[in-house]
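J.: Okay, here's what each chain looks like letter by letter:
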Amino acid sequence: MSLPAPLDPARARKLSAEFGLKGDEYDRVLAILGRTPSLTELGIFSVMWSEHCSYKSSRVWLRTLPTKAPWVIHGPGENAGVIAIGDGLAAIFKMESHNHPSFIEPYQGAATGVGGILRDVFTMGARPIANLNALRFGSPDAPRMKRIIDGVVRGIGGYGNCVGVPTVGGEVNFHPAYNGNPLVNAMTVGIAPADRIFLSAAAGIGNPVVYVGSKTGRDGIHGATMASAEFSADAEEKRPTVQIGDPFVEKLLIEACLELMATDMIVAIQDMGAAGLTSSSVEMAGKGGVGIELALDNVPQREIGMTAYEMMLSESQERMLMILKPGREAEAEAIFRKWELDFAVIGHLTDTGRIVIRHKGAIEADIPLAPLESEAPLYRRPTAETPRQPVLDATTIADPVGITAALQTLVGSLDLCSRRWIWDQYDSTVGGQTVQRPGGADAAVVKLEGLKRGLAMTTDCTPRYCLADPEEGGKQAVAEAWRNLTAVGARPLAITDNMNFGNPEKPEIMGQFAAAVRGMAAACTALDFPVVSGNVSLYNETNGAAILPTPAIGGVGVLEDAAQAVGLALEPGLDLVVIGDTRGWLGQSLWLREIAGREEGAPPPVDLAAERRNGDFVRAQILGGTVAACHDVADGGLLVAVAEMAMGGGVGATLEAPAGMPAHAFWFGEDQGRYVLAVADAGPILAAAAAAGVSAARLGRSGGGDLVLGAGSSISVATLRVAHESTLPALMEAVG
Amino acid sequence: MKAVVVVFPGTNRERDMAIALERATGRKPVMLFHRETALPAGTDLVVLPGGFSYGDYLRCGAMAAQSPIMREVAGFAAKGGHVLGVCNGFQILCEAGLLPGALLRNASLRFLSMDCHMRVERAGTPYTAHWQQGAVFRAPMAHGDGNFFCDDETHARLVAENLVAFRYCTPEGTLTDAANRNGARDNIAGIVSPNLRVCGLMPHPEDLVDPLMGGTDGLPMFTSLVDSLAAA
Amino acid sequence: MKARVYVMPKAGVLDPQGKAIGHALEGLGFAGVGEVRAGKVIELELAETDAAKAKAAAEEMARRLLANTVIESFRVEVL
Chain A
1 MSLPAPLDPA RARKLSAEFG LKGDEYDRVL AILGRTPSLT ELGIFSVMWS
51 EHCSYKSSRV WLRTLPTKAP WVIHGPGENA GVIAIGDGLA AIFKMESHNH
101 PSFIEPYQGA ATGVGGILRD VFTMGARPIA NLNALRFGSP DAPRMKRIID
151 GVVRGIGGYG NCVGVPTVGG EVNFHPAYNG NPLVNAMTVG IAPADRIFLS
201 AAAGIGNPVV YVGSKTGRDG IHGATMASAE FSADAEEKRP TVQIGDPFVE
251 KLLIEACLEL MATDMIVAIQ DMGAAGLTSS SVEMAGKGGV GIELALDNVP
301 QREIGMTAYE MMLSESQERM LMILKPGREA EAEAIFRKWE LDFAVIGHLT
351 DTGRIVIRHK GAIEADIPLA PLESEAPLYR RPTAETPRQP VLDATTIADP
401 VGITAALQTL VGSLDLCSRR WIWDQYDSTV GGQTVQRPGG ADAAVVKLEG
451 LKRGLAMTTD CTPRYCLADP EEGGKQAVAE AWRNLTAVGA RPLAITDNMN
501 FGNPEKPEIM GQFAAAVRGM AAACTALDFP VVSGNVSLYN ETNGAAILPT
551 PAIGGVGVLE DAAQAVGLAL EPGLDLVVIG DTRGWLGQSL WLREIAGREE
601 GAPPPVDLAA ERRNGDFVRA QILGGTVAAC HDVADGGLLV AVAEMAMGGG
651 VGATLEAPAG MPAHAFWFGE DQGRYVLAVA DAGPILAAAA AAGVSAARLG
701 RSGGGDLVLG AGSSISVATL RVAHESTLPA LMEAVG
Chain B
1 MKAVVVVFPG TNRERDMAIA LERATGRKPV MLFHRETALP AGTDLVVLPG
51 GFSYGDYLRC GAMAAQSPIM REVAGFAAKG GHVLGVCNGF QILCEAGLLP
101 GALLRNASLR FLSMDCHMRV ERAGTPYTAH WQQGAVFRAP MAHGDGNFFC
151 DDETHARLVA ENLVAFRYCT PEGTLTDAAN RNGARDNIAG IVSPNLRVCG
201 LMPHPEDLVD PLMGGTDGLP MFTSLVDSLA AA
Chain C
1 MKARVYVMPK AGVLDPQGKA IGHALEGLGF AGVGEVRAGK VIELELAETD
51 AAKAKAAAEE MARRLLANTV IESFRVEVL
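Chains as they are written, first to last, in the working numbering: chain A, 1 to 736; chain B, 1 to 232; chain C, 1 to 79.
Extracted from the complex, chain A is given alone in its bound form (with noise of 0.2 Å):
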């Protein structure tokens, strides 16, 4: 058999480099081929042992989280993560970044992110019940920062919306520190019979690789072609490299997907995501310990004269690969064909344990599959820890505006404000199954169809505790989640990450990564909240100014009967109910950066112990059906947590003062493990707090249409609506 045609040496080491390969790396390269690569060989090693697809910095610390429970089906290496959910049902979901592209094109950007975790859902057999998202937004004043956020919203939007798969819940920050890193996760839950899991390990020497959905174009083809001088840039309109999303296609693929699967005539299926054709090519064949042989000539193209590099490395959206049953080709592709989609064989199962691709009648690759994943680097890059921050003692700090004021001010802050103006552009209700939308209550709610039960969803993460601290950071990421899903009655099951970090090669953004890493474990281990799936970003920096270091998490919990979830719309008449201890924790708190203006101190420990006591009462409480309303305590304190409530339900409430303590302090520290319940006496759930160990107290009484605070002070639930209503339209209303 002929050899790929080698790139000359000396070229080859040079655009080894400007692929992203260090120069030990592509020794490796040489040892395990033996001779020059050829450039397509090169672009594959390259893109699969890139940072995105070779997890070379963080593996050896994403390996210490917790990943195994009785209901976890499958932990992170699939697709996406799945768990058993009860009724023979699995809960198969992952959240992504698309963080670098939504900067570049923020509607493509967006809506491609949605796209792909959508596919790396349903490519495991999974009916996508709901997306959320994460994002970090910079300073709105910072230059084109309006319309990134615009764009972003627009673009997850556009897409969820198409897919018709509801954007139910979420969560958004903003930081000048994202000024030049916005951050765009998006996560999709999908549902599942248990026992028809989808998995991408291929089998069956001989068995056909096919190619189903969108055509192959050059699209997000990496920068390093363009600067390639195999490419001479003529006068046809500059490529896109950007890729774009077609979310009209992705139903039909979905759809499409989900009729084949019904089926036995698929062995495994991958989406083709980053790095396209190389890597669900590869980590099929790898993961199943056979090769695969692909003829390029059967891949169906939308540009024409495409070579084996570009086809290999083209980043086109809508497209997966799949290995069938032999002889059952004909039945699968008309399945495709009754969708309007594209359906190719391309190649076949081979048991040279190697990838070989042809083209135009020539071998453009042979890789050895092992090496190529068993060499592929590995770094336990040097870490620095983060320095510790003292403990801010609440009664030296001022309060410099009084209690209302303050409360106005932060119920309208960027971090705190309704998040309206986005859900508003989400469809959170196809499907029918919306319990709990956006903004009603901690966690999201979606019936599973033609079921009682119901599946709970968040995202969470509060990157400046992380800054200050990444471990306790970490654990607390993990724990507002699992208290979130709490707080509406759910059992919390799992969890995604996805971990968002400045440059790997800097100790002390690894030492940030590896504390988040150490506090995400002990949180997840506390709580019995595994990581089932993942994904890593890092290099989020502009002119070395790193993000604020951000492991988005997000959780997923069932309730048996989804009618028994509680949201957090305040009505009159109840009693108010804080669980959890206040100690006026204001390090790192809401209210000391707005209103305060500093960003200092350590921020709120968590005590799992505590967190896991409070939780798991708070959720029996729930599930007893006293609690009429449950709002966790979280960014802005306390009465921050009241208001919401308030302005959920228009009605106010009337609360006792606090003591022993500034009042400041009181209410608007950011001691964890806290959840305020609104319920018809609080008396039994004093007395039952007190039984089980879990510190409780009264908070006040719901009624009327004001917060009062003791003598003299109280606002009214109209004027907090307005400033809470007014901040994200205002802002964005210039942008059209």
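It should be emphasised that the hints constitute simulated quantities derived from the structure, not laboratory data. Some hints here could point you the wrong way.
[Claimed, not checked] Partial chain B-side listing against chain A, Cβ under 7 Å, derived:
hint, residue
1, Gly10
2, Asn12
3, Arg13
4, Ser113
5, Ala142
6, Leu212
Just so it is clear, the structure is predicted and the values come from calculations on it, not from any experiment. Idealized CB from N, CA, C, for every residue including glycine.
Dock chains B and C against the given chain A, drawing on the hints supplied.
T.: Quick look at chains B and C alone, frame taken from chain A:
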């Protein structure tokens, strides 16, 4: 009542519609793929559900309106059959000429997903029999192109012949610009054909038929149909 | 041969997109921009070699599908 829900490529609210129909009728509707060239025998009601048929490319509903099954639907309507189009289905009915007017982009140029309130402007049709004249009900809307437009002559005819079925209003039932989120002409949310058998509206009553999902405000449309078609 | 179909919102039909573009241009400091209307151009590759027939065919396509004559007008150009 034998209901048929037509599924075009890109339709995405067909399951919501099926759930609502089943809730009202006690039986599952027939899901009919757009390539079919005939309606099942005994069809009482054809429903064109919401979604993004053909990706909403070219114009919302334009390509679906030209599909083979729509010729059958038009023939069914011409013979006095009942046809309901919701959201994208309403757009398709207008594009197919089964209802007058067109749905333009929302005045805000943004996709709008929120609950809206509608006033029943024409009670007593097969779609509105279970509401009082002037009743106000709530339903989610979720569309980018729901801004109903028609020329003056058409508008005058719709008003004169009392063919406006629903108008956007405040929760109290007042017609205001603020309640008319997509900018529709004369707050028009839904209309009926002169024989009252073809109805199109933008919001989604089918998504509010269960207390668990926030209410049953949309249910009267479906129970109305059941009663009206049983009597017919 | 190639036919180009220009589809424009009819006079009198609200064109929020055109309005928004006009507003944005104004924001960028372009003075003297009057009304802005946004339409679309559709290019068709046709097997027909007779220009008149090609134009007639394209016009029929525009009437049937490419334009909604309730709200849009169209013009066909054969290249």
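J.: Hint by hint, work out which the structure violates, then give me just those numbers in ascending order.
T.: none
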